[in-house]
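For the record, the sequence lines run as chains A and B.
Here numbering that gives the first Met the number 0 is used: the first residue of the first sequence is 0, the next is one more, and so on.
Here numbering that gives the first Met the number 0 is used: the first residue of the second sequence is 0, the next is one more, and so on.
If you are wondering where the hints come from, they were derived from the structure by calculation, not from laboratory data.
Here a beta-carbon is modelled for each residue, glycine too, at the ideal position from N, C-alpha and C.
Any given hint could be a false lead.
Derived list of chain A stretches under chain B, where covered just means 3 residues or more per stretch with a C-beta under 8 Å from a C-beta of chain B [said to hold, decoys possible]:
id: 1; region: 345-353
id: 2; region: 390-404
id: 3; region: 553-564
Mimicking DSSO-like on lysine-lysine, the simulated pairs with C-alpha atoms at most 27 Å apart in a straight line are [claimed, not checked]:
id: 4; chain 1: A; residue 1: 187; chain 2: B; residue 2: 113
id: 5; chain 1: A; residue 1: 232; chain 2: B; residue 2: 25
id: 6; chain 1: B; residue 1: 247; chain 2: A; residue 2: 107
id: 7; chain 1: A; residue 1: 337; chain 2: A; residue 2: 323
id: 8; chain 1: A; residue 1: 107; chain 2: B; residue 2: 249
id: 9; chain 1: B; residue 1: 113; chain 2: A; residue 2: 418
id: 10; chain 1: B; residue 1: 249; chain 2: A; residue 2: 103
id: 11; chain 1: A; residue 1: 228; chain 2: A; residue 2: 187
id: 12; chain 1: A; residue 1: 459; chain 2: B; residue 2: 622
id: 13; chain 1: A; residue 1: 155; chain 2: B; residue 2: 68
id: 14; chain 1: B; residue 1: 426; chain 2: A; residue 2: 459
id: 15; chain 1: A; residue 1: 447; chain 2: A; residue 2: 490
id: 16; chain 1: A; residue 1: 216; chain 2: B; residue 2: 237
id: 17; chain 1: B; residue 1: 71; chain 2: A; residue 2: 38
id: 18; chain 1: A; residue 1: 316; chain 2: B; residue 2: 247
id: 19; chain 1: A; residue 1: 330; chain 2: B; residue 2: 71
id: 20; chain 1: B; residue 1: 33; chain 2: A; residue 2: 235
id: 21; chain 1: A; residue 1: 307; chain 2: B; residue 2: 237
id: 22; chain 1: A; residue 1: 103; chain 2: B; residue 2: 33
id: 23; chain 1: A; residue 1: 342; chain 2: B; residue 2: 142
id: 24; chain 1: B; residue 1: 612; chain 2: A; residue 2: 506
id: 25; chain 1: A; residue 1: 235; chain 2: B; residue 2: 125
id: 26; chain 1: B; residue 1: 58; chain 2: B; residue 2: 84
Which residues of chain A face chain B? A partial, calculated answer using Cβ under 10 Å [as the list claims (entries may be wrong)]:
id: 27; residue: 20
id: 28; residue: 40
id: 29; residue: 102
id: 30; residue: 118
id: 31; residue: 199
id: 32; residue: 235
id: 33; residue: 265
id: 34; residue: 275
id: 35; residue: 291
id: 36; residue: 292
id: 37; residue: 296
id: 38; residue: 409
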Amino acid sequence: MIKKLAGSIREYKTPVFLTLFFIFAEAVIESIIPFITAKLVNSMQLGEADISFILKMGGILVAMAVASLSCGGIAGYTCAKASAGFSKNLRHDMFYNIQNFSFKNIDKFSSSSLVTRMTTDVNNVQMAFMMIIRIALRAPLMLIFSIIMAFVMGGKLAIGFVAIIPLLGGGLLLIAKFAMPAFRRVFKKYDRLNESVEENVRGMRVVKGFSREEYEKRKFGDASEDICKDFTKAEKIVALNGPLMQVCIYFNMIFVLSIGSWFIIGGRSSIAVGEISSMLTYGFQVLMQLMMISMIYVMLTMSAESAKRIAEVLDEKPTIENPKNPVFDVKDGSVSFKNVNFKYQKHGKEFALVGANLEIKSGMTVGIIGGTGSSKSTFVQLIPRLYDVTDGEVAVGGINVKDYDLTALRDAVGMVLQKNILFAGTIKDNLRWGNENATDEEIIEACKLAQADEFVSTLKDGYDTYIEQGGTNVSGGQKQRLCIARALLKKPKILILDDSTSAVDTKTDALIRRGFQNYIPDTTKIIIAQRISSVQNADLILVMDNGKIVETGTHEQLVKSSEIYREVYEQQTNGGEDNE
Amino acid sequence: MSNQKLPKGMNTGKKINVKSLGRVIKLLFSFYPKLVTITGICILVSSVVSSIPAVFLQKVIAIIDNYFKQNKGNLGDGIWLVAKKEIVPLLIILASMYVISIILMTVYSLLLAKITQGFLSKMRQKMFGIMQNLPIKYFDTNKHGDIMSHYTNDIDTLRQLVSQALPHLLQSGIIVISVLFIMLWYSFWMTILVIFGVFAMLFVSKKIGGGSAKYFIRQQKSVGITEGYIQEMMNGQKVVKVFNHEEKSKKEFDRVNEELFNDGFRANAFANSLGPIIMNIGNILYVFCAILGGILMFVKVPNVGISTIVAGTFVPISISIVVPFLNMTKQFTGNLNQLSQQINSVAMALAGAERIFELMDTKTEEDNGYVTLVNAKEVDGKIVETDERTGKWAWKHPHQADGTVSYTPLAGDVVMSDVDFSYVEGKQVLSNVSIYAKPGQKVAFVGATGAGKTTITNLINRFYDIEDGKIRYDGININKIKKSDLRRSLGIVLQDTNLFTGTVMDNIRYGRLDATDDECIEAARLAGADSFIKRLPDGYETMLNNNGANLSQGQRQLISIARAAVANPPVMILDEATSSIDTRTEAIVQRGMDKLMEGRTVFVIAHRLSTVKNSDVIMVLDKGRIIERGSHDDLIAQKGTYYQLYTGAFELE
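Okay, chain B solo, but in the shape it has when bound (with noise of 0.2 Å):
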């Protein structure tokens, strides 16, 4: 998936906000408590766990040593009995803490496998659950591609950061600390040296880092522009077929290729030299310890550190000290190296992290409405809540001042007075806008594109609110109905058809879920969809991929008509519904169409003329105004502007 804007905290360059970071393990703690602290806490014992095996091995080593050098020339057997008495116990020791740590080790990694999967599901269930509430005007500003890369790259990037970031960080970074200590702990003076060999890795760090993290910002952007580009072309390779592009497009891409590869080799290069610099910096660090060392032995300077301190007595520095600092040393250099190997997805998840909290904090649809749609029944010509299915329903009415419950027939009468309505602040869209539809009427939108007609419906089932007039369904303001249940009451077909991957059945059954399959294919007969359903190749259970790429426009078209047909609401939006059906088709579907409008409020949005010609009253928009109204023969008599558009095509030719 690709996009081409880029993640935000890398597009702008602004700094990445180590806020997200805290919110992140927040969130870990909140869904893992108890998982998570046992990793941490194994993490952390076997972290010191496996820094103290380098003391016991010294030792070792150091007695094998002494034995080595006071029985020369009689080692044996004999003198071997006597100091295993000395090793073996501490061979035991050594063992079982490797034992411990292994075990720790195990567990932590096999729960860091859990808890990473865990928290990616609940996170994208979390983002999912929150994008599901977002009002429609989300989907309608932000690019779609954009929206899906909070879930590939951005979930990847915490992906990285829970399994290996976040686990390094804590284990070198205390490693790092722990030998520090102990290196504090034998001699200050060796110690100040380590630390300016590590600012010495800082600074080249830093110097290599900012580089290579300016050029991975420049990177990123190339593979936006390249990956865009590449999408772009791709999916007109018929048309630049069709115009011989094809030399044109060649050279363009090698442009955006080329700087793809300058950016991508400058970002790589700063970033694989950064390994070997550290890694070598460490190198001369421990020449350098060595020489100090030996330097400080024969000078027989009193060695300090807190040892010494603890134990009152300053005598110069002795080599049971600098080798056991060496080794230290490169433990340490080693950590600090495996530390800013993790600082780049660190901040790249840091940005993800940003990104998905930005979504998770984006303002959910509003929904105060109380007034529900229930099953109801008629008992003695008064209208009762039920809890079966009726096929009668009725507006439930709570009334807050008295308590009192009243009931209303869902009937499907729709009154839009004086609405105004723009999408954007400043550019008003509807003007003073009203119509009445009575129940069972069909009430038809024509106009030019950008009138204002798709609008109006999106203002019935409240995609978006109206800022001034008033909306009334059955009676009741639409602002008081809860929105899933106004939406219930009303079905719609668009012209963009939307299917999901899927049987075709289950893709029918979407408009009722507890529809049974008998309803479907009625639903489907309805729509005269059952005749090409039945000729695929599983009928009614052949597979649906891809938005349905594998049937016609047409055909998927006549599937989402069968979707709100067995949905059965007693309003019905049809938005361009018919528009990709060709006429014979249009002819087959019209019957069922008609069929499905009997007895229902349709509204109707088309700019075939035909199939509005038979509506109830036609309105005609323009610039968000109705201009005129009537139905088909009061607008002919009237010689306006519906005339001129059903006359024009014939009378100019």
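Just chain A, with the same shape it has in the complex (with noise of 0.2 Å):
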């Protein structure tokens, strides 16, 4: 995992190492300053010093600090750059495999899902990452640079780490330990919490229709207490922290002052006082380092589970890859289904669709009908392959849709999928999306045929109106027929309409198909649609329920012989006989 995410650092290894490098020297000279001053102090306070040792030694430590300073200044500048370019780098390579992702990928991640591994999950990397590069070296090497110069200047005196480090460590461990699971806990939780504000913002319509402000309230107040209790749980054992290093570094105080006064005084030692100070100095920095490390301990392991889930998104091999010596050429809008199976998960017990077979002449219109669930839009997504058949063989053109090259195939195939998006920028950017190169005239034709130009030519912007993001400000029609018209432009060998008119009046439903038929009579068109209208002049209607082609026929024919067919155009038409 961690090998699969340095990956990812490519050309910011250069200022890694600059960083690692310059707080190492940081680290060096920051352990030098304090022994310097020692030994300035120690002169003054023995008489030693006149005024030029005080300027040596000063100018020295001037020297030092404004090395260190150099050096923190340059570290801070290298890791910045390092930290934020591999985060780049994650977010690049992350979104780059996920453009490669099949249908099948995105289903099994989610797109929501997927977001919050491009922005939070990155983001914990990215602070986890800076504080590896920035501390994780520093620390350790402080600690021991530390211990050393104890040894080195205390001697005997230094022995008081001996009893204090492991005690320290190890309670700061049982901190971590025992806090880490706690908040992964309580973070789980606030996501639920901030879930369910999210479902209540949504359903607001439905919370005041109903009057459920009150109960929405408790509900709300119950669930915030709630994690309120396991949240103060959580930070109270890592308020502990705090007190436990407390503890240890006045232990240490003690510990020096009265060995060292005993050792000195009864004339055990012939340690000086200077180095009783000296000692403080390093037995606080010693702490101060463990308390260091006990935090990035904890960093890490808490950005491990983001870690985890963003190296997910980087092993996800697509589900379909473009073969080996591809197709370019889609001869003609033809589609044949030869005893096609399909199901979404390859171990799932249930097939979403079984023994498809079917032949489509290219020009043809195809209408399909059937009830939710009855895998109508499962059928047509296997055109473009956007996902491949479990068994069986779909072919377009005469040729098996594997062989095809993924874009050249898709290109050939417009599909209007039944979540319709429209995406932020002008309606021009958006029809775009069909053809890069369209003129204007193409796409204010492109709209007329979708019955879009109308009411887009009403706007005051026309063609350059801005669409919000999610395409917030047209209305479901108008979005609907936006996006019949960006289909369009691509001037697809096969168009597919995958509920594409729910929203749209049954009078501009019923003008699209007669555009399509004397605009675009060579492109076969196959409409899936709820209304019977819409396909009743198909050449073709396919009856779909639970996964099967149960019927197909045109609308005189179905009206014989389907009795689903037959009931859901009785429904429509209310008998039929009424209706002039």
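Hints given; two lone chains; assemble the complex.
Below is the structure:
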């Protein structure tokens, strides 16, 4: 996992090494500074220091401070570059890999989880990375330096550490060990709480409609109190860090003072007075570093979860890849299904589609009717190879879809998904998704065909009207028409509309279909619809039920032969005969 | 959660309002008056206590030094016994101070954990409580992501503020002040030097801090843009695939990603350098102090400090002053460094607090209604209020003029007369709309998107208030009816279904909290949802997450119909309730719906004309006006817009 993530450092290896180098230098200087200051203070205290000595030592100290400052500054700079660069590359690698995902891969992760992985998780890892290269090297380094210096300076006095270090280290580890799972639990609950707020905000009309404000407040209050309790518990564990640390520092001080004075005055050792004060300084440093190390430990384990989630995305192999010697030319818009079975999960029990056999000639209009869950969408998504069949074969233009270059195949198959999405940008920008180089005339033509031109031209900025993210500033029906226009601009050989006119009124719907007949007669049109009127005139209508094509035929045939079809038809026309 | 809008304080670059800090502290006090006071005192005392030991430390060292010098050569246990009497009491005082300090620290650390989390929880609840009472308009005009970020980002900044920044500020502030006082006590001359150093630090941190703040704001903006782009692309990933748009979206992503890198890199570079710089200025200051002390000692300039003024003796500075002074310089700059580290999080927290207060200060929905809905029964032909659930309801209408109370049975008679309405001033959405719905009638609205169909229903349940005209419910002006009771008497099923996390049963029960399981199942049966629910893995106990993501749109819709059914209201509003259900399922639902609608006043909005056909009255709306009204047959005979809509689909082909 670490190896996988480290692979994203790439061009930022130099700043990483520079950071390590300068941090190392800074740590060395920083450990020597107290040594020199101790010397200065000692000699001043002993009355040995004259001005020139003070100036000399002062000069050295200033030079060291400047050196330490430069090293620290440079390290801060390179570290910022390295960590920002690392996270940039992580996002880049994830995004690029996701672009290769098939629908199956996307379904596996869900888009909201991908967003969290690319944002929150990357942030966590970036923070941890920064910690690692700034402190993870520095803290143990300083620890070792300080201990060595303490022994060099204080000799036997340094024994105090031997007692304290395991105590503090053990204590900190224990705290980290208890705190971590507690925090992990809390964060999960916290996420859930936020989800429920989101739910509440989204469903505010329902809440108010049922006058459930008080109920919601109670529910939220309980959840919030619950988290508060758990969170307090977790924080209390961590809160012990400070006092524990303090206990150790203070213990060390008393120890050094009492033993030190006993040693010196009792004539047991030849240590000097100044050594006692530098022992105190080093003692403090040693403990600080231990504290740092425990902090890093907590940080790292907390971000390990994020790192794992990132690695999952990076490791994900696209389930659909381009074939070795792909066919680039899609001959025509004919489609054939041969004994196609399909299930979404490899080991799933239920087939979403069973025994599909069908021949569609180029230029035909095919309608598909069926209830929710009858696998209509599944069926059409196999055509542009958004999913791969489990058994059997789907062919377009007489060639198995698996043999085509993916881009070529999908360029030839225009599809308007059931879940329509427009992107932030002008209407023109959105339409050009269909064809980057489309001229204004082509755009207007496509919109006319999709019956979108009329409303677009009434907008103040016309085709330059800015569409908000998710297309929130156009109505459902308008969105659908723009999405159809976008697909038309591709000039596809096969056009698939997956329930794409459900929010469009029947008249406009009819106009769109008439346009198709007149202007793109050679394009194969596959239309999934709820309304019989949308498919009534199709050359071929499929009735789907429960993952099977149960009936095929024209409207007239099906009204006679298919019970399901007739039932729907009659329901929609209320018997039919009282309409003219 | 990402939203492209930035926290407002940061976005506009306007000065952060320090008043918010006062308000946060005030709230803290109001939630936990005792605990906050105790914590404050603990921090205060422990900061003071922890700066005193330095003096004792120095004293002990001085004593050792003294003995060492005086008894050179004959140090031994004998002298130790003498010295012990001086040293041990000092050590005991020192140790007891340490013990006090540790106890105080433990107490306030634990209290802080409690206060922080309690404060956050209370703030969340307060915010949520206010939010529940905000008018629908607030939710219609603010992005949901933006509302959400109050609960995530903004609350998180408060957590930082209360648990870290405030205690640190208090602690470091006290230490800085007390150390400054001790320094002044010892020597003015050297204190002046230290103050110069402080100015240098302030200058540098302002320069760097300013730069870092600038880039942090930019970074924040880039984060918003990048996250927005990521969110958009992840949601539209399938569309990207269908249009072979992968390469283009990669290119655009690289652009925003690079920008984020640049801003993030700069912001962090500044922030990272601040620490070493302040620390090393501290080191240099330390050296200068040593040099100045040395010079003063040699030149024998009389020392001036509070202590000398008090004592009235002005002797040259001695080593016994210079050495502790040097230590204090270290402590002083160390704490200044600590303070500087907190500035960023305080600024962030203030921006967050401001946004939270903004939400809290938003005007909540007003409700001056005094007519309430009560259980009723009929005694001797008169309606009487009762506590038991009779299934019969009445409006309890107290008359202020004469103090009497009258009861009107709940029937579901809705009259709108000459209603005008606009969401935004100057953009009339409804003009002169009049509707009469008798109890048990089915009224349908037909018309293009934006014609004002949904708006009418928004007015009946007072999601929005009308500008002109009147709406009467059972003869009572709806402005007089308590909003919660008004809405309780109206069932709504919307096109966008919203289910809540919980079991299917919980979701149905949402319609009426005291409904029994059997009643819920009965309602589901009525809505035609029973058969599919039974086939779910855990039946009615199946957990729904994420707005029922594991169900199809149609199934979600059926549950929401069942939810409305269990509420059993006399008036129902069905806003495109069946549009997501396929026609075959609708046929099944229709039977349930017909049963559901029986005896109720129903307002139906649908674009599928088969759904509205058998309504008693159909209103055709266009641009906020009712242009046709009548039964299906009437309207067909009129051969107007409805006729065209209805027949359009057939005659065109």
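The hints, checked one at a time:
1. Chain B is given as covering the region 345-353 of chain A, and this is violated because 0 residues of the stretch bring a CB closer than 8 Å to a CB of that chain, at least three being needed.
2. For the region 390-404 of chain A, the assignment as covered by chain B is violated, since 0 residues bring a beta-carbon within under 8 Å of that chain's beta-carbons and 3 are needed.
3. Counting residues of the region 553-564 of chain A whose CB lies closer than 8 Å to any CB of chain B gives 1, which falls below the minimum of 3, so the coverage claim is violated.
4. Straight-line distance between C-alpha atoms of residue 187(A) and residue 113(B) comes to about 20 Å, which keeps the hinted pair within the 27 Å bound.
5. Among the hinted pairs, residue 232(A) with residue 25(B) is consistent with the structure: their alpha-carbon atoms are about 25 Å apart, no more than 27 Å.
6. Taking the CA atoms of residue 247(B) and residue 107(A), the gap is near 24 Å; set against the 27 Å cutoff, the hint holds.
7. With a CA separation close to 23 Å, the supplied pair residue 337(A) and residue 323(A) stays within the 27 Å bound.
8. A threshold of 27 Å between alpha carbons decides the hint, and for residue 107(A) with residue 249(B) the separation of about 21 Å falls inside it, so the pair holds.
9. With a CA separation close to 46 Å, the supplied pair residue 113(B) and residue 418(A) exceeds the 27 Å bound.
10. For the hint linking residue 249(B) to residue 103(A), the alpha-carbon distance of about 20 Å falls within 27 Å, and the restraint holds.
11. Distance restraint check for residue 228(A) and residue 187(A): the Cα-Cα separation of roughly 14 Å lies within the 27 Å cut-off, and the hinted pair is therefore satisfied.
12. At most 27 Å may separate the alpha-carbon atoms for a hinted pair to count; residue 459(A) and residue 622(B) meet this at roughly 18 Å.
13. Only pairs whose Cα atoms come within 27 Å are accepted, and residue 155(A) paired with residue 68(B) is accepted, the gap being roughly 22 Å.
14. As the CA atoms of residue 426(B) and residue 459(A) are separated by approximately 15 Å, the hinted pair is consistent with the 27 Å bound.
15. For the hint linking residue 447(A) to residue 490(A), the alpha-carbon distance of about 14 Å falls within 27 Å, and the restraint holds.
16. The straight-line distance between the Cα atoms of residue 216(A) and residue 237(B) is roughly 38 Å, outside the 27 Å bound, and the hint therefore fails.
17. With a C-alpha separation of about 21 Å, the suggested pairing of residue 71(B) with residue 38(A) holds against the 27 Å cut-off.
18. In summary, the hint linking residue 316(A) to residue 247(B) is supported, as the alpha carbons are separated by about 21 Å, within the 27 Å threshold.
19. Under the criterion of a C-alpha separation no larger than 27 Å, the hint pairing residue 330(A) with residue 71(B) is inconsistent with the structure, at around 107 Å.
20. Between the alpha carbons of residue 33(B) and residue 235(A) the distance comes to roughly 19 Å, so the proposed pair stays at or under 27 Å and holds.
21. Annotation: proposed proximity of residue 307(A) to residue 237(B) holds, straight-line Cα distance about 25 Å (limit 27 Å).
22. A hinted pair counts as satisfied when its Cα atoms are at most 27 Å apart, and residue 103(A) with residue 33(B) does not qualify at roughly 57 Å.
23. Restraint check for residue 342(A) and residue 142(B): the C-alpha separation of about 38 Å exceeds 27 Å, so the hint is violated.
24. For the given pair, residue 612(B) sits about 17 Å from residue 506(A) by alpha-carbon distance, which is consistent with the 27 Å threshold.
25. Between residue 235(A) and residue 125(B), the direct Cα distance comes to roughly 24 Å. Compliance with the 27 Å bound is thereby established for this hinted pair.
26. The suggested pairing of residue 58(B) with residue 84(B) holds, with an alpha-carbon distance near 14 Å, which does not exceed 27 Å.
27. Because the smallest distance between the Cβ of residue 20(A) and any Cβ of chain B comes to about 15 Å, over 10 Å, the interface hint for this residue is violated.
28. With 10 Å as the threshold, the beta carbon of residue 40(A) comes within range of chain B, its nearest partner Cβ sitting at about 6 Å, so the hint holds.
29. The closest approach between the C-beta of residue 102(A) and any C-beta of chain B is roughly 6 Å, which is under the 10 Å cut-off, so the hint is satisfied.
30. Because the smallest distance between the Cβ of residue 118(A) and any Cβ of chain B comes to about 5 Å, under 10 Å, the interface hint for this residue holds.
31. With its C-beta approaching chain B no nearer than about 8 Å, residue 199(A) sits inside the 10 Å limit, and its interface hint holds.
32. Against a cut-off of 10 Å between C-beta atoms, the interface hint on residue 235(A) holds, since the closest Cβ of chain B lies about 5 Å away.
33. The interface hint given for residue 265(A) holds, since its Cβ lies 4 Å from the closest Cβ of chain B, which is under the 10 Å cut-off.
34. Hint status for residue 275(A) relative to chain B: holds, with the closest Cβ pair at about 6 Å, below 10 Å.
35. Because the beta carbon of residue 291(A) sits about 13 Å from the nearest beta carbon in chain B, more than 10 Å, this interface hint is broken.
36. Because the closest C-beta pair between residue 292(A) and chain B is about 18 Å apart, greater than 10 Å, the hint is violated.
37. Checking residue 296(A) against chain B by beta carbon gives a least distance of about 19 Å; that is not within 10 Å, so the hint is violated.
38. The interface hint given for residue 409(A) holds, since its Cβ lies 5 Å from the closest Cβ of chain B, which is under the 10 Å cut-off.
Checked against the numbered hints given earlier, this structure breaks hints 1, 2, 3, 9, 16, 19, 22, 23, 27, 35, 36, 37; the rest are met.
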